[in-house]
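Enquirer: Listed below are the residues making up each chain.
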Amino acid sequence: MTTDIQAAPMRPAAGPRRDTIYRHAFLVRLTHWVNALAIFVLIGSGLNIFNAYPRLNWGKKGDMFDHAWASLDAVQTAAGMRGVTTVGPFHFDTTGFLGWSKADGDFTARGWPQWLTIPGSQDLADARHWHFFFAWVLAINALIYLVWSLSSRHIQRDLWPTGGDVKSIPRSILDHLRLRHPVGEAAKRYNVLQRFAYLALILLVAGMIFTGLTMSPGFNAFAPWMLDILGGRQSARSLHFIFASLVVAFIVVHLIEVVLAGPINEIRSIVTGRYAVPREHGR
Amino acid sequence: MTLISRRAALAGTAAGAGLIVAGCSKITGADALTGSAGFRRVLAAAEGWTRHTQRFLLGGGQLAPQYNPADLSPNFKSNGTSNPGGAEYDGHAARNFVDWRLVVDGMVAHPLNLSLAEMRALPSRTQITRHDCVEGWSAIGGWTGVPLGLLLKAAAVVPAARYAVFYCADNLDGEPVKGGEQSPGQYYESIGMADAFHPQTLIAYAMNGAPLDIAHGAPLRLRVERQLGYKHAKYVRRIELVDDFKAISDGKGGYWEDRGYEWYAGI
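Going line by line, the protein sequences match chains D and H.
Per the numbering used here, the first sequence runs over residues 806 to 1088.
Per the numbering used here, the second sequence runs over residues 4 to 270.
Among the clues, some could well be false.
[Claimed, not checked] On the chain D side, residues computed to face chain H include the following (Cβ under 10 Å):
#, residue
1, Phe-831
2, Leu-832
3, Thr-836
4, Tyr-858
5, Lys-866
Source of the hints: derived by calculation from the structure; they are not laboratory data.
Backbone N, C-alpha and C define an ideal beta-carbon position, used for all residues, glycine too.
Construct the entire structure; sequences and hints are all you get.
Expert: In structure tokens:
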């Protein structure tokens, strides 16, 4: 593709310098890191809270007498205590990880293991303090991001897919599968899968806040229609968990892509804003 | 990038992500932070933000959602104390609580001392509501009782009173107080005036049409429908109106509050 070379600023052909652009506005960088910290703490403290009742029900109500569609249990068997993870009709032996794992050296019944939860020790009261403080951080940060991104047209311009983007979906999927990343001019803008991923994350965070508020008995009195939309408080709790799992899936893919696309350049761009555009013959 | 370096990059990501996740609480120092008094105060600020926001949103006294008889939990879980025991309570239970008294005193002009029969003779309200435990589960039950606001009006609460404190017959000792000594395990709770005078806030004596059973708080329990389960004190024998609860037990306004849980349990 010769167009990339033409698009680059005039420089000595053999020069080692690459075209550097200002990629991320200050507010995007700031809200990105606040968001990253908040989500990290919310997942860890959320798993600690989950452990207080390590089952997921569906509907208006649900306790240990009701059917759970998923659970992390410690079960007494002929071979001793085992951790059993149940999803629908399927049972998995997850001893050592889910249901029955070591905490401070001793095996104990706990849904998610000590090394995954915040705080590490099983403490519902403290986990709730962590969770709700950072839920406020997440919500305020998300609001600031949304207002700025919509008013500055960042979402409309950089995230909303264009007609050309939509047409490029099959090719973009192939490129991603081949771990081939855009270079030159194409690298200066988000590709279509990136756009969908970031838009999906915005929706997921909104979904996390919506399902979280729907679990609040106080908020239920203010907005009972939220319960009706989700199908009840235990459905809201299940969806809160499912959305959180999708956020984790986003984070995994996001981190893999950062590493594949050049971690130093990518991390620098989300810290300083400066992004070196990969050139076609850059290596 | 060559394929090999891509593989190395993928492996690097996996290792990096694993490291981040594996050290979750260690890297963040979450446990050390949780033990720090200053950091605890920072986190605790969120309770105030939530309380003020919900007080603002619920200024109109909105009702908690109510349900249909078809929604009732066939097996309403009993949590905390399922039988207070002890000679005194057992004696009351053996006599069907005919001698049980409910005292309303403190910052009131006319203290009350009511028998169960007198409570049953007062105007009542029946509602089917959802009970949300702080642990995450929910059960739906039908409750009949005297609106607390009615009792407080009859007792003529003085304007300076800010909280209604509920003293219970059950003792849940065993759980140490957050960061301190074991406090008396006597169960107690407290709510503010906005919730005390809310129409759905009841001193309930019946559940699902039958007299309250021992597991669910016989003979009298609190229902405060817009908050979590631990606020719904069981085995209530005294309601004291106060302007401050710092001098009661460990001073946080309730048995679970003394053990680190939020006083305002609207979320």
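Enquirer: Look at each hint and say if it fits the structure.
Expert: Verification of the supplied hints:
Using the Cβ-Cβ criterion of 10 Å, the hint placing Phe-831/D at the interface with chain H is not satisfied: the shortest such distance is roughly 25 Å. For Leu-832/D, the suggested interface contact is broken, since its CB lies about 23 Å from the closest CB of chain H, more than 10 Å. Because the smallest distance between the Cβ of Thr-836/D and any Cβ of chain H comes to about 19 Å, over 10 Å, the interface hint for this residue is violated. With its C-beta approaching chain H no nearer than about 4 Å, Tyr-858/D sits inside the 10 Å limit, and its interface hint holds.
Annotation: Lys-866/D was flagged as interfacial toward chain H, and the flag holds, the nearest CB pair being 5 Å apart, inside 10 Å.
Figure legend: structure checked against the earlier numbered hints; hints not met, in rising order: 1, 2 and 3.
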